[in-house]
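All chains should be modelled from the sequences, with the hints used to inform the complete structure.
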Amino acid sequence: MGTLTTRFSTIQDPDEKHKFLLNMGPQHPCTHGVLRIVLEMDGEYAMGIDPILGYGHRMHEKMAECRQWSGFYPNTGRIDYGGAIPYNHGYCALIERMAGIEVPERAEYIRVITVELNRIASHFLGVGAYVIDLGAFTPILYMFDDREDILDALEDITGSRLTYCHHRVGGVSKDIDDLFIKRTRAIIKNIRSRFDMYDRLVTGNIIFQKRTKDVGIIPVEMARRYGATGPVLRGSGLGFDIRKNEPYSVYPEFDFDIPTGENGDAFDRYMVRMLELEQSLRIIEQALDKLPDGPVMAKVKRVKLQPGDCSFSVEAARGMLTYYLVGDGSNVPYKLKIRVPSYSNLSLLEELCKGSLIADLVSAMGSLDLIIPEIDR
Amino acid sequence: MIDYYQIVAQIMFVAFILLTIIGALLSVNAKILMHSVLGLAVCLLGVAGLYFYLGSMFLSLMQIMIYVGAVCIVLVFGIMVGFTPNESAQKNDIGRNTLLGIVASGIAGLGLVITIFGKTSWETSAATVGDFSIEWIGENLLLKYCLAFELISVILLIAIVGAIILAKGGREEGL
Amino acid sequence: MDFIVDIIAKYSLVRILISFSLLIAIIMLNAIVMGYLERKICARIQRRWGPMEVGVQGWMQMFLDGVKLLAKQLIVPREANPFLFRMAPLLCFTPVAMAFAVIPFSESFYAMDLNIGLIYLLAMGSLNVFAILIAGWSSNNKYSLFGALRSVAQNVAYEIPILLSLLAVVLVTTSFNFKEIVAYQSGLLSFWMCQPVAFIIFLVAGCAETNRVPFDLPEAESELTAGYFTEYGGFSFGLFAIAEYGNLFIMSSVATTVFLGGWNGPFGLDFYSGPILGVFWFLLKVFILMLIMIWVRWTYPRVRFDQLMNLSWKYLIPFSLVNLLITAFIVKII
Amino acid sequence: MSHYFSEIFTGGKSLLVGLGVTFKALTSPVVTVQYPREKIDISPNMRGHIDLIKDSESKNGLHRCISCGLCARNCPCSCIVVKGEKQEGVKGKVLKIFTLEFSKCSLCGLCVESCPTSAIDFSDEYELAAFSREAFNFDLLKRVQQGDTK
Amino acid sequence: MIIISNNLNIYLILAAFLFAIGLYGMIRHKTLIGMLVSTELILNGAGLNFMAFNKFTAPDPAVGQIITLFIMGIAAAEAAIVVSFILAVYRKYKTSDPESLKELIG
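Protein chains in written order, with our numbering: chain Y, -7 to 369; chain X, 162 to 336; chain D, 10 to 343; chain L, 89 to 238; chain E, 10 to 115.
Hints were generated in silico from the structure; no laboratory data involved. Each hint should be verified, as a subset may be incorrect.
[Claimed, not checked] Chain X is nowhere near these chain D residues, computed Cβ spacing over 12 Å in every case:
1. 32
2. 34
3. 38
4. 63
5. 71
6. 82
7. 84
8. 134
9. 193
10. 234
11. 292
12. 297
13. 304
14. 323
15. 340
[Claimed, not checked] These stretches of chain X come out as covered by chain E in the derived footprint (C-beta under 8 Å, 3 or more residues):
16. 181 to 189
17. 201 to 211
18. 218 to 229
19. 262 to 275
20. 300 to 309
If you're wondering where the values come from, they're calculated on a predicted model, not measured in any experiment. C-beta: ideal position from N, C-alpha, C; glycine also.
Structure below.
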């Protein structure tokens, strides 16, 4: 680690001699991966916070420039392993927008269904990991129980359980069948019946409330300044959601709400995630009801990326995901930029946790629901 | 048969004395501040054992509870909070006042030992009234020696308030 | 002086040696049984199987884990203080072993009968912090140091409610002797019924004193990786675990003797007062308490440090003081 | 002051309710399986590594591959090697080498989609562990000749 | 059989030793905490003395014990207050060396 210098590599000021550095990570239970945070500690108070990235860097953007656009499909699922399908969706939609391809309606519905299922799975992962950060080990396993059903269902149509590669330019690679529809309805019913249990076990628990309320408060102004999106922004009270504000796919046809918080503290962010589960379930239900017949794949001729640029934003599980592509006429992207939500959410951390207890730092960081490989890419 | 038990008891007695002496020496000579407090803890444990021989189990337990369990821990706490991890391993400076220390403590100790052996002949009282049970202490503490009880309560109260004020003032300044 | 000879004469050396080795065996066995139960119950709470591979329902898992720990090398970090680093697990284990000496398993099955047994147990309990401190400091690791610091403040704060809640019972029994306290509860009445506040306060504070969730701040996994024993491996780590379960046993057995009637049958069901049944009742109550602590551990999140202090100073201590005053008042009147 | 007591009451109640939830879970059946002994059925659509489909009705009586190399060209990880040879008397190429370097494969399924004759498909093997990297260099042609495929 | 533990002088000498070594440490130690440690040694010497006299010479055995308890209480209060004082000093002057606290000399 010696080669990486930080802002706090040494403490020079003699007045600050009683402060000391604490390396949190890259191997630490609360950083969910290989994030390293250098903390300048004064007792148990973190006075300076410096997140250091790059331990899980895999050059996804460079890889996109080195291969045909179709070769980037498997990468999209590996950027954010928690919620992979929105990434898949965003990339396909980007190419479709660039090449002007119309997607069959059934394919769009299937996309929405899988994306929302994946969003639920991702929120279960994020919330469960957050509760583990607070010290309770059991809720995540109940949530994984539900998540497992979703993964099973998704495996049935996408073929994999975590790094999906299901959406294709022009449609989806595999149609859904009646078994899947039946199964998904059962999953919706099951998850609905478990909300009450989560309320009693986690949300209502006084220790949980004390640990999360008034911890890591993000005012709307601050969230906007850092470009935070997703549940982090919505927890602060601003109901910004790409699905509503900049509708894509078939989302305008569904009736769903954007849950928002009030105080912007960790508890609100947690609650927004829990309420979004219900909204996702509603979307899936409506999509299953309205599911039209037809092909799931459009006729796609050879796609050349025209000179010029194009971008497409989707609402991933953790916030706004934007793909920005510059083409040069060949079928290899000249440049692909991915704007991931976790990156801007992480950049909040320093201002958010300055001068807070290390326990609050863990709580606030967990509530941002970061996926570190997504930040490193 | 009783001799056998006596031997064991005497060996343990010597062990306690050695514990006290070693602990005391360690606590003043240790190069690391933490070792010094640990030496104090060892010494206090030894003294607790001696209290046992002096017939008061209650006091020896109190010694462990208050001295080792509270005072020493507060000291260690002070070291760990007040000094950064690097500094708490700092060496005690040796040598500045060593000669003065040896002379002063030598004179004081010698004077005491001379007093013990030379000047006074202690009369051992033959019969002691009462037993060493805690009921006895408790009764005396609340009736006969009530003032000591009241005094210590007041002192502890003042200490708590003072400690809180001192420690809190520092924190507000720091933040 | 005669006092100590008396004690040695009363319990002959052979008896002391035998009981000491028996106590060590009990502590080890307790750690193994509790480790197994904890893993199994936590697994069932989380709807998993838990250890299943070695033996029926994996009952041999903990023995094999112990063997594995024994076989591992003790690695001393270069910057650590080697002497203290090696001493700390032993120091952690010794007070636990000593405290076991006064635990009354039944009317005649105990190692030592002290007339101030309760104070003895508390004194030994206060020594436990010292070992944690030494372990945390000597590792020369900042996480360990944090764990140690938290542990000190926690133990100092929670010894007060423990003492006060026990005193409320002692006021009634007028004795620190476990035997007399148990004898007081031989009938239908035991103290958890007439001192419920003290009982609850003791359980909560005991949870904190033994560093169990929701008060496991010294070893808070998600914050401090493993707290004061971050740097330990092999059997010195095992000794910490054994001492933790030993402490749990001690706390539960104090609660059992003081509040649940010790070796007496429940609700005065004293149809057979032999030593074996007494041990059975005692262990049953102790294990029920320990299982409750396991159950609690796998349900709650961890509290924050200032909340921990608030709980002690704002809730437990005032309540136990009021409880003590009321008890004193009633005892004086009656 | 009333807030003080009401917090004790609601807090205590929430803690007891939480205990109730876990107790209910304690008494309910286990949801996991003992993996190496019990196995749950995997989805028929699972994407494993690819395999040549055995097809006795095809021209060469074994598989449908025409050695066009589309799968190898479409593979983002370049983990497929396909080589065919012209042979006397046979129309088209004859497959000589078809290997998959599975340790590089990212299981995207583009090869299967691009195959014009549907000659390859996903296998349902998932217990693939080995000590060396070379163990994952599958010779698919050999596998289909030996009849290891489904 | 010599019963050494029944000899008053041994306790007295040990107490004198504790006092002397406490004095030595008090003079020699450079840090405030080290000096506090030495103070505790001196207090212990006093306590041991009280207990010894209590056992061997006093007509009423409660006195010595109560005084020793008193000393323990004082020691605890003293330790708490001194440690908080040291922390306050440390925060303000960033040192715990008593000789470098020039401002406090007056």
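**Asked** Can we trust that residue 134(D) is non-interface, i.e. its beta-carbon lies farther than 12 Å from all of chain X?
**Response** Violated: least Cβ distance 8 Å, not greater than 12 Å.
**Message:** Can you confirm whether chain E covers the region 262 to 275 of chain X, using C-beta to C-beta distances below 8 Å and requiring at least three such residues?
**Reply:** That given contact holds, which follows from 9 residues of the region 262 to 275 of chain X lying within Cβ reach (below 8 Å) of chain E.
**Asked** Is it correct that the beta-carbon of residue 63(D) has no partner in chain X closer than or equal to 12 Å?
**Response** The claim holds: residue 63(D) sits with its nearest Cβ about 41 Å from chain X, beyond 12 Å.
**chain X versus residue 323(D) - minimum CB to CB distance exceeding 12 Å, so not interface** = holds (15 Å)
**Asked** Going by Cβ atoms, does residue 297(D) stay more than 12 Å from chain X at every point?
**Response** Holds: least Cβ distance 29 Å, greater than 12 Å.
**Asked** With a Cβ-Cβ cutoff of 8 Å, does the region 218 to 229 of chain X contain at least three residues near chain E?
**Response** Held - the region 218 to 229 of chain X has 6 residues with a Cβ nearer than 8 Å to chain E, which meets the minimum of three.
**Prompt:** Beyond 12 Å from chain X, beta-carbon-wise, is residue 32(D)?
**Reply:** Given that every Cβ of chain X is farther than 12 Å from that of residue 32(D), nearest at about 19 Å, it holds.
**Asked** For the region 181 to 189 of chain X, do at least 3 residues have a Cβ located nearer than 8 Å to some Cβ of chain E?
**Response** holds (count 6)
**Request:** Could you check that no beta carbon of chain X comes within 12 Å of the beta carbon of residue 34(D)?
**Result:** holds (24 Å)
**Request:** Apply the coverage criterion to the region 300 to 309 of chain X and chain E: a residue qualifies when its Cβ sits closer than 8 Å to a Cβ of the chain, and three qualifying residues are needed.
**Result:** holds (count 5)
**Item:** Exclusion check [residue 82(D) not at the chain X interface, CB over 12 Å]
**Value:** Answer for residue 82(D): holds, closest chain X Cβ roughly 25 Å.
**Request:** Take a quick look at residue 38(D) and tell me if its Cβ sits farther than 12 Å from every Cβ on chain X, holds or violated.
**Result:** Consistent with the label, residue 38(D) stays out of reach of chain X, its closest Cβ about 27 Å off (over 12 Å).
In this structure, the one hint that does not hold is number 8.
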